[in-house]
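J.: Based on the sequences and whatever the hints tell you, model everything.
Taken in order, these protein sequences are the chains called U and C.
Residues in the first sequence are numbered consecutively from 101, following the numbering used here.
Residues in the second sequence are numbered consecutively from 4, following the numbering used here.
Some clues are possibly wrong.
[To be verified] On the chain U side, residues computed to face chain C include the following (Cβ under 8 angstroms):
id, residue
1, His141
2, Gly143
3, Tyr281
4, Arg304
5, Gln308
6, Cys311
7, Leu426
8, Pro430
[Claimed, not checked] Partial list, computed: chain U residues near chain C (C-beta under 7 angstroms):
id, residue
9, Gly138
10, Arg142
11, Lys146
12, Arg151
13, Val154
14, Val246
15, Asp259
16, Ser305
17, Leu310
18, Phe405
19, Tyr407
20, Arg415
21, Arg418
22, Lys420
[Stated by the list, open to error] Residues of chain U placed beyond 12 angstroms of chain C at every Cβ, according to the derived structure:
id, residue
23, Arg124
24, Leu137
25, Arg181
26, Leu223
27, Leu291
28, Asp330
29, Asp373
30, His374
31, Ile382
If you are wondering where the hints come from, they were derived from the structure by calculation, not from laboratory data.
Model, not experiment: these values are computed from the prediction.
Heads up, the beta-carbon is just placed ideally off N, CA and C, and yes, glycines get one too.
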Amino acid sequence: MPEIEIPVGPQHPALKEPIRFVFRIDGEIVVGAEPRLGYAHRGIEKLGEHRSYVQVLYLSERICGICSVAHTTCYVETAERLFNIEIPPRAKFIRVIVSELNRIHSHLLWLGILAHEIGFDTLFMYTWRDRELVLDLLEMITGNRVLYAINMIGGVRHDITNEMVDKIRKVMDYLEERTKYYKRVVQEDPLMLARLSEVGILSRSDAQKLCAVGPTIRGSGVKTDIRKEDPYAAYDEIPFNIITYTEGDALAKTLVRVDEIQESINIIRYALDHMPSGNINIRVPLRPSPGEAIGRVEAPRGELFYYIRSDGSERPYRFKVRTPTLANIPALCKMLEGVYVADIPVVVASIDPCIACMDRVLLIDTNKGTWNILTGEELRRYSKKWYEKHKIR
Amino acid sequence: MEKENEALILKIIKEIFGEYFISYEAISPNKIFVEIKRENFKFNIKRLIEKLDIWHISTITGTDFEDSIELMYHLWCDKYKTLISIKLKLPKDNPVIESISDIMPGAVLYEREVYDMLGVQFLGHPMLEHLLLPEDWPRGVYPLRKEVPLEKVRKIMLEGSEKNA
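T.: Listed below in structure tokens is the structure:
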């Protein structure tokens, strides 16, 4: 049977950003996937070369709305190396707390989206309700719900007071219970198992070869985490575990993230207990001396990479960003090989893409020369119907 | 421990690159920069990867200087917990280098990005096409080069969208 090409994307109106794939399919099986990126490319690297160091901080925050703390943390850590300054210890702990709150909110958001993709909308409602509590905490600490603007070159802008500590602890206790419940749902619910288990498998050797990052590679059994191996902020003073699962399927990636929520809760508790007192920021000069610096941060989606080169002026000479989703795209294409068309949404969701779309699907049948366009909603409905009909598992 | 690792890695790097080795700099703990000559690049990088058990490339950074384009391969060495950034300079009138995407498949999109933004040709790359720029982007305009002003990028974006309307 001849192979059929299906372009998927690039637009999605609601949940995610645009990306396009061309899938080659044989019957119901995907045999190859070719990505086309750039629909959300805003030229931030070029723009960064025309802005001052302080302005680039706000620019970097706007690269991603979900993991914005990871971006500013990575930027300020890189810039602080360039300026050759050491920030106060309390600021490092505040960075850790806000980063981990951000990770919890990101993972809960993702778990909800995954549930939605497989038609489990009850779980979607639950996780997004709990995520709201984390957003409230972030609003309490930073004053903002999405772009927190807490990091600055030389420290952080807001302190965590004692009343805040009590509130954070209360929410952490509640979230711990919820996380246990979510883990049970993921491990026991027949729908979750049917749609996630043995779907979109990424082997350990492929994950390493294709340089996957974050929960995607940890779901394939590779023990790697920037927080441990290249510590920043106060992560070298805080004990925590790197979560890995060896199966490499969508279920393993889900369990990695659910367990990471628990780890984040533990990190926050430890950081609250051991927070040093003192200043939260220091003054920095306007211009760094000429030089270059690299910063790496474990964002919720994996390794985030910044490189800044200074020529001694008040603007960066080169400002380079590599986000974790780009690193996971080659691995995603590998995972998509051999899956059913009906599983495409769930496999794409399994890397937690910061760019993804299922909006317009163009099905071309090369035999008949016919084509029709499906919306993301129609593809989702198609996938549910297909599973009802085939009762594969 | 860090100092020992650094010395060990430096020794291995000098051994592998030999006459192609130019300079070495440790900017912060566990991050080192190594500058090399571009000749014999792929052969040497393959030996480096094998010798140090490197499996992860973080990204490739391209930077435009007046007469050259600098490439930087950020390789993570898990064995010695060190980020090794291999630097090399390409002449701006003929920026060509061998692709490493067959020995390091994770580099395939990073090479495409550098090609897209700075016009570096990677010999032997499986699919050297636009990755981030639109399909109707004018040929020979590489947005991250310093001679391309911000205004020109804006103008192309504006005219492109008018043409498509």
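J.: It remains to establish, for every hint, whether it holds in the given structure.
T.: Going down the list of hints, with the structure as the test:
Hint on His141/U holds. Least Cβ distance to chain C is approximately 4 angstroms, under the 8 angstroms limit. Interface hint at Gly143/U: satisfied, since its Cβ lies 6 angstroms from the closest Cβ of chain C, which is below the 8 angstroms cut-off. With its C-beta approaching chain C no nearer than about 35 angstroms, Tyr281/U sits outside the 8 angstroms limit, and its interface hint is violated. About 11 angstroms separates the beta-carbon of Arg304/U from the nearest beta-carbon of chain C, more than 8 angstroms, and the hint is not met.
Given hint, Gln308/U at the interface with chain C, holds; its Cβ is 4 angstroms from that chain's nearest Cβ, closer than 8 angstroms. Hint status for Cys311/U: holds, given a least beta-carbon distance of 3 angstroms to chain C, under 8 angstroms. Interface restraint check for Leu426/U: the shortest CB-CB distance to chain C comes to about 6 angstroms, inside 8 angstroms, so the restraint holds. The interface hint given for Pro430/U holds, since its Cβ lies 6 angstroms from the closest Cβ of chain C, which is under the 8 angstroms cut-off.
A distance limit of 7 angstroms between C-beta atoms decides the matter here; for Gly138/U the minimum to chain C is near 4 angstroms, and the interface restraint holds. Among the interface hints, the one on Arg142/U is violated; its C-beta lies about 10 angstroms from the nearest C-beta in chain C, farther than the 7 angstroms criterion. Interface hint at Lys146/U: satisfied, since its Cβ lies 6 angstroms from the closest Cβ of chain C, which is below the 7 angstroms cut-off. Of the supplied interface hints, the one on Arg151/U is violated, with its beta-carbon coming no nearer than about 10 angstroms to a beta-carbon of chain C, more than 7 angstroms.
Because the smallest distance between the Cβ of Val154/U and any Cβ of chain C comes to about 19 angstroms, over 7 angstroms, the interface hint for this residue is violated. Interface hint at Val246/U: violated, since its Cβ lies 25 angstroms from the closest Cβ of chain C, which is beyond the 7 angstroms cut-off. Checking Asp259/U against chain C: minimum C-beta separation of about 27 angstroms lies over 7 angstroms; hint violated. Checking Ser305/U against chain C: minimum C-beta separation of about 9 angstroms lies over 7 angstroms; hint violated.
Because the closest C-beta pair between Leu310/U and chain C is about 5 angstroms apart, less than 7 angstroms, the hint holds. Interface hint at Phe405/U: satisfied, since its Cβ lies 5 angstroms from the closest Cβ of chain C, which is below the 7 angstroms cut-off. For Tyr407/U, the suggested interface contact is upheld, since its CB lies about 5 angstroms from the closest CB of chain C, less than 7 angstroms. For the restraint placing Arg415/U at the interface with chain C, the shortest Cβ-Cβ distance is roughly 12 angstroms, beyond the 7 angstroms limit, so the hint is violated.
Given hint, Arg418/U at the interface with chain C, holds; its Cβ is 5 angstroms from that chain's nearest Cβ, closer than 7 angstroms. Against a cut-off of 7 angstroms between C-beta atoms, the interface hint on Lys420/U holds, since the closest Cβ of chain C lies about 5 angstroms away. For Arg124/U, the shortest C-beta to C-beta distance to chain C comes to about 14 angstroms, beyond the 12 angstroms cut-off, and the non-interface label holds. With 12 angstroms as the threshold on Cβ separation, the claim that Leu137/U sits away from chain C is violated: the shortest Cβ distance comes to roughly 6 angstroms.
The beta carbon of Arg181/U sits about 6 angstroms from the closest Cβ of chain C, which is not more than 12 angstroms, so the claim that it is off the interface is violated. The non-interface label for Leu223/U is consistent with chain C: the shortest C-beta to C-beta separation is roughly 33 angstroms, beyond 12 angstroms. A cut-off of 12 angstroms between C-beta atoms confirms that Leu291/U is not in contact with chain C; the least separation is 34 angstroms. Remark: the non-interface label on Asp330/U conflicts with the geometry, its nearest Cβ contact in chain C lying 6 angstroms away (cut-off 12 angstroms).
No Cβ of chain C approaches the Cβ of Asp373/U within 12 angstroms, the least distance being about 27 angstroms, so the stated non-interface status holds. The non-interface label for His374/U is consistent with chain C: the shortest C-beta to C-beta separation is roughly 23 angstroms, beyond 12 angstroms. Every CB of chain C is more than 12 angstroms from the CB of Ile382/U (nearest about 19 angstroms), matching its label as outside the interface.
When each numbered hint is compared with the structure, violations occur for hints 3, 4, 10, 12, 13, 14, 15, 16, 20, 24, 25, 28.
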